Structure formats: structure tokens, C-alpha cells
Amino acid sequence: MKIKCPYCGVRDQGEFSYEGDATIKRPQTDDADAWREYVYSRNNPRGPHKELWSHIAGCRAWIVVERNTLTHEVYNSYLPGENKDD
Amino acid sequence: MTEAKRNPNATGVNFDKSIRFSFDGKTYSGYEGDTLASALLANNVKLIGRSFKYHRPRGVISAGSEEPNAIVELGSGARLEPNTRATMIDLFDGLQASSQNRWPSLKFDISSVNNLFSKFLVAGFYYKTFMWPAKAWMFYESIIRKAAGLGKATREFDPDRYDRVNAFCDVLVVGAGPAGISAALALAEQGKKVIIADEHSRLGGMARFDPEQTQWLDEQLQKLDQLDDVIVMPATTVFGAYDDGAYGAVEQLRNSNNFSPRLRYWRITAAKAVYATGALERPLVFGNNDLPGVMLAYALKAYVNYYGVIPGQNITIFANNDSVYSLAKDLDQLECNVTIVDSRAEHELAEKVRQLGVQVYCNAMVIDARGWQRVEKVVIQQQGLEFDQSCDILAMSGGWTPTLHLQSHRGSKPSFDDELVTLNLSTLKTDYSITIGSAAGIWLHQDCIRSGEMAADDESAEALTSNSNRTEALWYVPQSNYKQVVDYQNDVALPDIQLAEREGFRSVEHTKRYTTLGMATDQGKTANVNALAILAEARGCSMQEVGTTTFRPPYTPVAIGAFTGRSVGYHFTPVRRTGIHHWHELNGGIMLNVGQWQRPHYYPMSPTETLGQAYVREMKHVRSKVGIVDVSTLGKICIQGPDAGELVNRVYLNRFDTLKVGKVRYGVMLREDGFVYDDGTTTRIAENEYLMTTTTANAASVMLFLEYLTQIVWPELKVHVFSVTDQWAGIALAGPDSRKVLEQVVDQADVSNEALPFMGYLQTTIGGVDARIYRISFSGELAYEVNVPADYGESVWQYFLDKGREFDLKPYGTESMGALRIEKGHVVGAELDGRTTVQDIGFGKMLENCKKPIFIGQHYARREAFDDTDRPQLVGLVATDKTKAFKNGAQLLAQAEITLTPVDSLGHVTSMTYSPELDENLALAFIVGGLERWRDKTVYAHYPVRDQVVEARVVSPHFLDPQGERLHG
Amino acid sequence: MDNLQPKSALYTDYKLGVHGAEDKNPILLQERQGLNMLNLVVFDDGAVNTVLQNTVNLSLPSPSQSLSNEQSTIMWIGPNRYLIVSINLEILKTIADQLEDQYGALQDLSCARTVIRIQGEFCRQIMAKGLNLPLDQDSFVAGQVVLSSFDHHYPAIVHNLSDERETFDIYVTRSFALSFWHWLCDSSLEYGYEIIESELNG
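Protein chains in written order, with my numbering: chain B, 25 to 110; chain F, 9 to 977; chain U, 13 to 214.
If we strip away everything but chain B, and leave its shape as in the complex, we get:
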């Protein structure tokens, strides 16, 4: 599987470390439900998924990758903050 690092270009998946769901946000309040979601609850979609990968063997940038968990097709990769919808 290949991932495009926005800085370094297309690289082998082995250069990256998978770092989980990109859609979770650290709560700003003390709301127990929000914290439970953040720390423990994860969706496990069969299909398109937004996730974080770190380019640890390269520039160490954290990247948001849109990948299909079933087919491994990588649709898109961008720096955090670049997508207004996130």
C-alpha cells in the first residue's frame, strides 16, 4: 500500500505508523460522555475511513488519510487542518 505524504511524495506504507481515527477530538469540557467517546469509543467502519498516519521514517509529519478499510484503496491524504470539514 502506498501513501502520499504531502511533503515527501508517494511512499511505501512501511514508512508510516498508523495512529488511529482522525475524527476524534479531545474534549474541552469535563463532560463524561465526551471523554468516554474520546478515550474508549471507536467506530469500525467497513469502507471509507479517515485516519491518522505519521511519516515516522521520513519527515515525521502527521497526515490525515482517507482509506477504504475493505479494499485498502487510499483516496486522499492531506495535512491536518487543510480540510475544512474535519
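It is possible that part of the hints are untrue.
[Unchecked claim] The calculated lysine to aspartate or glutamate pairs, modelled on EDC-like cross-linking and capped at a C-alpha distance of 16 Å, are: (1) Lys385(F) - Asp396(F); (2) Lys49(B) - Glu680(F); (3) Lys19(U) - Asp778(F); (4) Lys28(B) - Asp251(F).
[Unchecked claim] Computed, partial: chain F to chain B, Cβ under 10 Å: (5) Gly253; (6) Ala254; (7) Pro723; (8) Gln866; (9) His867.
[Claimed, not checked] Going by beta-carbon spacing under 7 Å, a handful of chain B positions derived as facing chain U: (10) Tyr31; (11) Asp36; (12) Ala81; (13) Gly82; (14) Cys83; (15) Arg84; (16) Ala85.
Hints are computed from structural coordinates only; laboratory data are not their basis. From a predicted model like this one, the values you see are computed outputs, not experimental measurements. Note that the Cβ used here is the ideal one computed from N, Cα and C, for glycine as well.
Knowing the structure of chain B, use the given hints to seat chains F and U on it.
Showing chains F and U alone in chain B's frame:
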């Protein structure tokens, strides 16, 4: 032995260069350009192996990598290569090969007795016999195991080199036959970067075997060679197609310098692939179709025209399609007696060839081949009449099957095409590939070339797929009287498939596994389609309904060495070394692998001193005098920026906003679920610069965590984090005399207790070298940690030892370093195993005092469950019998014996050591209720796996100097 | 006061001379020692650019690029992060004196990496054994910086120095350097390599 005739007009052999080789101990000669197979045929050696199960005599049937029979052991000793196809071995001087799977010899193989029992040794017989008694299975298994297998691997270490390389191109062309070559040329003209690979050492595909195409082929290959942007890779098998344009290929190298690898594994990334993988001829399934001398028709053509071997005089050709007729013409011109047996009705081509003097029987079939260890005659049936025909070579052709493995690897499953009477892809073009030439069902030479040109324009040549090689299905000969082989290599015959169907193994995947058809090293290349048809008939359904099994990489076997590359022996894994490493090696340090690092474990004083003696001696020395240990491997992270302090404060549980420049503080880091993650010391180096240390084990993960926080969670903070582990060599100096040593090594600085108090920090020079000195202690003694730039590590270490000689400064290793901290009750990863909280390790006050609005773990650290006094808490244990040592992981119980009545464990031992200062055996442990419940009480540490129990008294984990007086001295 | 000497991570295995195959032009391997290497983190591009131009006559390069003058090279090595490599040993002080904390920060990392220069016809082929990315003349050009890991193990920065003379500087994390050196020499055997005298700077 009389040699076979040679064809002086052969295009692939150089009759001026003779080569000597040996097979089964006998010496023969061949020529440059021969394969082992062609050379053996030329020497009239038809018997080359014995079949897997029944040990039937076997010979060469093909001229390519699909060869199922002529499997030999190549070479000897450490370079022995079993299961090599004689058809793919280019002859070289001194080649040695031997046949496999026979004893005592190829001619007189005892196991051929299996053949007599073949009616009982049918598919699946393993599952039905050897069932009773159950206990005897292990005995049966050892016998079956000996009988199984073809060649034997060597047990010696492989002396050859293997290498891995990465390559990139715009288009990867797989196969250098006419279609592939024309695609490569057309693509090069468009300025594309092309790699064209072919599994054979000489290019041309089937065009090699056709004298009419020799000149065209030479011209094309010359053009290819001259193109800079085309990389031509002969003897390179593209064995697998993977995601995202990745392809695996293995290249065989022969004549190179001493440092060339024997095999090179290429990882090729190509935006697009052109599959010019050709097609394979199918055998026909008639009686004794596996006798030596029976071969595929194209192979005979190859041996006659290319390798220049005429292996027989009376040649019978049995076929159900047109492709054999040109072979007949070639043979006739070489003055052989040729007979064609065509299963189809009379047709024009048959009549034309008769006019050349070739005998043609239509509406006829070969029922059986007969002979002792080679074909001597065939039994032909034509419209009810049977007659014999003398025959020394029987060439068969059951039609052609496009080679579609690579396409299947990527999910394009082929299906049976009734019109072409073979497998075909439903679509020749995908997003990333085009299939051309005979792999696309395109048979005519000019059409193949055209399909290659079209591929360069990204056009698929579906329109050129045609029925030009008219074929009529003949999946097996019903009237045969002898064994009809379907899968040659795994010895699977016609009745086996029919039996599988009768016994309920009807799905093609089940049939495959029950009969083992298609599971040998050839992946059933010459068997699969025939088997599918036989299965379909047995099931009474269509070929489409039967489907196909899944093709998986590799296309042909790849030696594991190729994947391993140079990661062997010393190169198996990288070694991380500190700046002081070489000193340890030169001065008797016994090195230990800690992850990727090498660290000195201990320094034996004499060749006989054991680890157990050394670490005790080293401990005593540190506690009574002074020692130094290399601590360079600990993670060191630099945190810089206006918001550096804010980040540090949010990451630790305890307060860091009050940390002043020049001060060090111990910090505990939690996970967001509230459990302890890591600990370390962080120093405020400057106003906006902090140096954080972590445990060696967690260095990488903490680094990643901090990057997550700064890039994802709090990107608004103006702070940057990066590792400086490699910049600094770390030397810990510990013991009552450590200050005295330090005073000797610093150039000018004041390192008194006032100038450098406990948890203080200063920057200075040592022997002219910039140095950072932190007054921190892992051992609990008066101690300092000194960082110098890594290049100076070794010389500064030696400088310490020189200047410290008057105080008897000695080095100590990680074993004693770990033991010292246990005496003090300092926790490390063994205690911080991810299940412990700050309350568990006695730092509950840190949490109580924490008033920060934001810190990692803020929400869950305060959960009620953590206040439960029943949680296992950190305590110390002292063995009642001081000669008994604890074991890490031992379970704690209130009773001395374990009975059959289950009891809950009260906790477990995490770390243990002998203490020379207290002359006791100690341990750190967690126990339900902790010190409050168990102080001075007796518990038992059980280690049932080794049948050990140690009686112990529970005490505070801070065994030595609990007030920390030595630290503040 | 004694002045202690630095030692390269490679010093135990740095044997001058030609090794390996002799039928091709050997590639040259050379350690570059004594360079000042500074880590620069940037919070404000514009402000940092001004400081760099005033002090060392360079500006910040774009991702995967470098900029050089006679004394120094500055390379992009990560988001908001750069490596300044210089033969001028005063460079840290020169820049730090003008660089305010709110705009950026410097750190001396002169020992964190070992620098190996490779030069010759087969450099790209040898690197291709350990790096899985396009390294041909069109894809990896002079001035470009590649951040990757050789053979999945050795974190390195590769700087392409020259289009004419096939020269590359490899900055490999110091603790891995000796292991990497062994890998590099082994990979170069089939082409032949020559270890030449280290270049000592400063």
C-alpha cells in the same frame, strides 16, 4: 549411449562451444545455448525423474517454467538446489545435477512398487487409512513423511549473496515475446520509462522456436538494446502483482564478479503494466501420457528448431487443434517419420499436410502409449478400429491456455470461453494494466505485434482475440486402458478427480485440496484446465459454473534467500551504539541487546567471574566508593518554543510551571485513561527550552505522543519537539565519592552542594568539552548525570576514569544499575506495566495536589475505582530465608501451599535482586491492600512453573536509606 | 587543562583504500567531520527569513529542498523544521543573537548525525537497494533533500549535491551510523568502493 541427432540449423545453440556436465554421476557433453533438458535429450537420456506418489518413470514434457516432470537437484553441498526445472537451467561448464525421489537409482527405483498398488493409493487415501490405532499415527507419520517430497534441501549454510533492489518505471512489460517486445518499443517511442522482463535468459518467447521469425526477432532485440529508457531484464521472473503498482520480480545472475548476488529480488513500482505473459499448451489425457518421450508439441518444436535436438525418428503428433501442423512440416523437412492423429473431423489443413507426405488420421485418438520406461509404440483408435504404431516421440497438444496469474493476483478472475475453448479474461484492460498477445487469446504473429503497439496507446486489443487456432474440446480419452495423468507433478490421475466428486468434494477448491491437484511447485500449470473440465463433466455442469481456483504469488518458486537479501548473520538487524561503545568492547564489557541498542551488562574482573558475582561486586563498589555507567540510550527530547513550558505542564501530572531555569524535576506522565504511562526527569535548560528524558523502552512512543499533541491536539501552541538522544552521550556518576571525582573532571565550575544542589543543573566544560551536568540519582547515592556531545563520549569517559583513579572509580553495567534502583524502590517499566495508577505506586499525593485545568489523563485519573484500597499497591518483600531468590512474575498468596481449591492471587513480584548491603534477597511487588494491610506480615511468592515458593515479609519498598540522606549529601 | 578529542562513530571501521569488485569505477565513500549542524524550528517564516538573510545570507527552502552558499547549506527536514549545516563554527551564535524566541529556536545537533558523502556512477543504484522511492536523474535532482530510512532501519537525510558529479551527502542518525556504514559498504561491494580520507572541517 548413442546420441540423438542434432539439427545443424538450430538457432539457439552454438555448436562451436562444447560444454561438459554430469547427471546422476555420468558425464555428458552439450553446447552453449542448451538447457540441461535439451542436452539430456540430445544424449538420448529420456528418463529424468520419478513421479511423486507412484514413482512412475518420467521425462521432459515442456521447454519452459511450467515443466512438471524434469525436476532435478542442481549442484551439491552448500549450493544444492532441489526441485529445479531442467528446462530452465542454462548449461554451464561443470554443471552437476541429479534426479530426485528415487532409490536406489533412477532406473531401478524400489518405490515404483507403489505403482502396482495405485488402485488403493488413490486421492484422499491418507484420510481413510492409517486411522487405527490412533496412537500409531506418529509412527505412520514418520514413514509417510520419508516417502513424501521430491528433492531434499541442504543443511549447510548458504555461502552465496542475495540482494534486494527497488526500481521505478512508467510501464512494466511482463514477457518479451513478440507482443511484449513490440509494446516496449512503442512505449519507448513515446518517451516512457520501460522495464521489460522475461523469465528466460534469452528473449523472444515462442518466436525463438519459429525459424521464420528469427531475423525479425534479432532486429527487434537490437533496437531494444539501444534504447536508454528501456531496461531489459532477462532471466527475471515477475512473480507477483500487488497493490498500488507494486510488483515482485526475481533475477537470476550467473556470470558476474565475486560480489554479485546469485539472485536479486526486485521491488518494482510501475504506474502501468503490460501483461504479455503468453499461453501454455495443455497435455492430452490418455493412457500412459506420462511415459518419457511423451511431450508437449511446442516443446518438440523448441527442441528441434531452437536447441537443435531431434530426439526421435518415428514421431506421432496427437492434437485437437491447428497449432501442431507447422511442427509437422518442420519435422518432415528433417526427415523424420511423422504421423498426425487429429481428434477432429477432416479439414483443409490436414489435406494440405498430407500432400507433403505426412500421414494424418482424422477422427482418431491415441488411446494409450506403451513402452518400458520410454514410449515405444502408440495405440491409435479411428472410428472403432484399433491399431499400433511404432513411436519414439509422442507430441501432444490439447489446446492453449493464456497465462493469467498476475492478473488474478490483482483480482481479475478468468473464466472459461466456450468459443476459444480456453480461459480468458472478461476484460483485457484495467485501470493499471493491459493484457496483450496470446495471453489475450490473440494467436496470429502479426496480431500479437499489433496488440503490443495498441497497448502503448492504452488501447485494448479485444477485437484481435480470435478463434484462429481452431480447437475442439477433448478433455480425456474415454477408451484408454492405462493410467491417465492429469497433474503430473503431484501424480493426480483422471479417476482421482472423479472420485473426489463422488465423495462430495465437488467445489473446485475442495477438489483441489482433496486430490492435491495444482498444489505442487508448478501450481498445476499444465493440469488446471483439464481438471476443471473433468470436474465439470463429473458434476454435470458447465465450465463456467465450476469456476477456477485462486492464483497466488509467486508464479514460480522463489528461493527464500532472495527475499532475505543481505539480512543474514551480522546484517540481520541493525545495532545502535552509544558514543562510548567501543570503550566497553575493548575493556571487557559484556554487551547486552536492549531493543536495538547494545548496552554493557557487566564488566567481569576475571574470566571466571559470573554475572551473579559481578553485579554484586559492582553494587558494593557504587555504594561504598564511586562508579560510572553509560546511560546514553535513555530517550532525550528537546522541547523548544514560547509555549514549551505550557506543553510540559500539560503532559505531566505534577506541576512544571514552577520549574526554574537550571532546575530538574521528576515527572510522571499519564495516559488519557488515567493509568501511568512513563516517567522521567525534565530539566529547564533555558527560558523556553526543556530537556525531557524518558525510559529507554518508551523513548520512541513518547516522542510520537508529543508530536501528536503538537501537530493534532494543540497545534496552536508555539512549541516544537524533537529527539536529541543521539546528540548526547550520557554518563551517570554515582557513589559517596562522586562529587570528589566530578571536582577533578570539570575545568572550572563550582560543583559544591550549594552550587549544584540535588535536582540542580549546570552547563560547563570537562576537558575543554561542553558538558551538561544534572544532579539526579537513579541509584539513590550521591550522583550526577553528565551529558557531552556524542563524539566526545569515549574520550570523556576515559578522562573520568583517569581523573577518578585516586578514588577507585570503576565502570558498572546495567545489571547492577537495575539492582541498585530496586534497593531504593524506584519504579521502572516492570512496575509501570500499563495497569498501575499513581496511587498504586505511592504517588497519590501528586494527583491530590494537581490543580491544573489541562493535563493528559485529567478526566480518568480521578475515577473512583482508582481509590479502591483493594487495588494492588507497591510494596517491598524480604525473603525469610536469605538464600532464596524471588522470581519476577511470582504470584503472592497468604498460604504456603497450593491445593486443588482455586484461590485468588493477591498480587505479583515485579522486580527482584540480592542486596549486598542488607545481605538479603529483595523484591518489589504489588499486593492487594498494599502496606497498610500487609506491613510486616508474611506472604508466599509462588512460581508453580518451576515449583518454587519463597516465604517473605512485606516491608516498605524503600529498603535502603528511605529518607534519601545520601542523595542530598 | 587537557583538550579531549572527538571520535567519529565510524572510526573503528574506516579503512582507506579500494574494496570489492575491480571491474567498474568504484564509488567514493568519505566521512565529513567537524561540521556544525544546527536544528532550526520556525514559528514565523517571515521573521526567520529576515534573520537568516541578515546573518548568513540564506533563506528558508521549500519542503524537500535545500539552499546553499559557500559556507552553509540549509535543508528542510520536517514541518517547520530545518537543518543548517556549516563549516562556520560560529554560526549558531551568529544566528541565535538575532533570533527571538517567539519566531524560532536553534539547537546544536552537530553530533546527532554522521555525514557520509558518496560519489560516483553507481550511487543511485546502491541507494536503490535501501530506499524505495524514485532516485533517477529526473526524480532526484541537485538541491533536493530526501528524508527516509535505508533498508527500513537507518533513518537518514539524503542531500543531492551535484548534477554533474553524482554526489550525495547522507546524514544518518549517529547511533545507527556504524551499522549503516557496514550496510553501505556491503551494498557497494559489487560495484567496488574506495574509502578516502575524511574531510575535517573547522
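**Request:** May I ask which of the numbered hints given earlier this structure violates, with the numbers listed in increasing order?
**Result:** none
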